[in-house]
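Engineer: If you want the building blocks of each chain, they are given just below.
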Amino acid sequence: MSALLEVEGLLLRFGGVIAADHLSFAVASGELLGLIGPNGAGKTTVLRLIAGLLRPEAGRVRLGGVDVTGQPTHRRVRRGLGLTHQLVRPFHSLTVVENVMIAAGHRHTRNPIAALARVSRIAERRAAEAILVRVGLADSAARRPAALPLGQRKRLELARALALEPTVLLLDEPMAGLSSAEAAALGDTILALNTTGTTIVLVEHNLGEVMRLARRLLVLDTGRAIADGPPDTVMRDPAVQLAYVGTAAG
Amino acid sequence: MSAYLVSLACVIGINMILALSLNIITGFCGQISLGHAAFYGIGAYAAALLAKAGAPLVVCLLAGTVVAGAIGTVVGLTALRVRHDFLAITTMGVGFIFLGVVRKQSWLGGELGIAAIPDAGFGPLGYAVFVLAIAAGVIALSLWLKRSWMGFAFDTVADDEDAARTVGIDVASYKLTAFGIGTAIAGLGGGLYIYFAHIILPDTFDFAVSIAILTTVVVGGSGSVWGVSAAAVLLTLLPEVSRVINDYRLLVFGAMLVLVMRFSPGGLAGAVAHVMRRRGA
Ligand SMILES: Nc1ncnc2c1ncn2[C@@H]1O[C@H](COP(=O)(O)OP(=O)(O)O)[C@@H](O)[C@H]1O
Ligand SMILES: [Mg+2]
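Those protein sequences? They're chains W and C, same order as listed. If you read the first sequence in this note's numbering, its first letter stands for residue 1, the second for the next number, and so on. If you read the second sequence in this note's numbering, its first letter stands for residue 1, the second for the next number, and so on.
Just chain W, with the same shape it has in the complex (with noise of 0.2 Å):
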């Protein structure tokens, strides 16, 4: 079987800095990877390279077999991509209802004109409804993202991902300013997700809930890949010990 995601020599530097450094892997169908790795190590960089969000200067990024590396964001999404952003991008001039509709309603707003011949938002609104009961938002429907704590902007931005209804999805520290219970939820949520089906690559600082979420973790330093394997296994290995180690330490 053909892997769904696979991202082939990326390389991608800012001034200095390698960000992405000729950095290789492939999830399958169904997988749920963790990707993990000390502060400036590229996972941010990565899986906005997936998105299209930065270009590669060199490598090749493939979705369901197809090369997308030349594609734009919204093609990608079209393709099955979902994605939440670290820093969350909620559309302030819309309600929280409003922020998942509109990725509800994403077969309507393919094309423009096709777009101005369609009106009713009813049934995208009962979609995004059900999707804000599934991560706790139910009672925010009605509120401006700006109004709600940043837990809750963070589960928006994954309600929103979800609306698109994604093969692939890509989460960027989703439990980043959750208690330790909410996190724990967060993790219920997408081990549902992908229960049901859906592949999942997963960047988080919440190390406990990796453990408990992902079977397979990617580590990355300085936009490589230093270990891929088991969470045991490669929680053991020396290197990314090194790596853990040596951040906490500099």
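It is worth saying that the hints were derived from the structure and are not from the lab.
To be clear about the criterion: a stretch of chain W counts as covered by chain C if any three or more of its residues have a C-beta under 8 Å from a C-beta of chain C, and this derived list gives those stretches:
hint : segment
1    : 60-74
2    : 83-93
3    : 117-129
C-beta: ideal position from N, C-alpha, C; glycine also.
Assemble chain C with the ligands onto chain W, guided by the hints.
Structural biologist: Showing chain C with the ligands alone in chain W's frame:
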């Protein structure tokens, strides 16, 4: 009705069409334009040339709409490359290029413009009703657009382009669509103007007019169809009741633009909503 009131009704209708057309680009899609009068002018010149050649009214109006919309879409391509303040400068430049070209082309009448444009044949009152009916049509289209999924997607483009892309929105084609529709409707306004004035001069479409259109949108409340329509009526009447305002139009409108943006960014619509909320509370 007096001839004066009939002609005033015509001007109100045309100004409303112009303001609502810019409202689609700026209010709905969040793209500033300081050169909107150019598309008003392109529509007027295209319609006037055809009218002088004997083409019927419908053909002239359609031509003005299509030519302005086509050139507007091309200008919209530049909007894909630049953002915010650069877009303001670029569109302002488009306005000056339009004037520069029109002033120098003898087939467009140069400084003397195009005169002796034939009549629509409806009589002054009939034509005013016709213009107002089209303005009502543009209001209806705006309201529909705002409620549609196109309007919904415009909200996200105006708000955060990168976030819009991550929910699958093709930001570039939505921006081009906004420019195409907005400039086409401005061109329609230009076509309507020629049968009212029977003469067009380059100055009719100068920078002051672009600023007046933008001021109308901002004063009404960028994005609010009713607010912008109301502002078009008010700001058309203002220079009529005061000679001073008429003489210093660019200054007065520019000052209004700055003051509203500074003190009441929601414009008339925002102020009304604020009052309603306080009443309700
Ligand atoms: N837009 C940018 N401009 C300059 N440097 C950047 C930019 N984005 C990331 N970097 C640098 O690239 C490296 C990787 O960053 P990032 O991918 O955000 O790491 P992580 O998500 O693993 O913490 C860091 O050294 C960071 O400072
Ligand atoms: Mg990061």
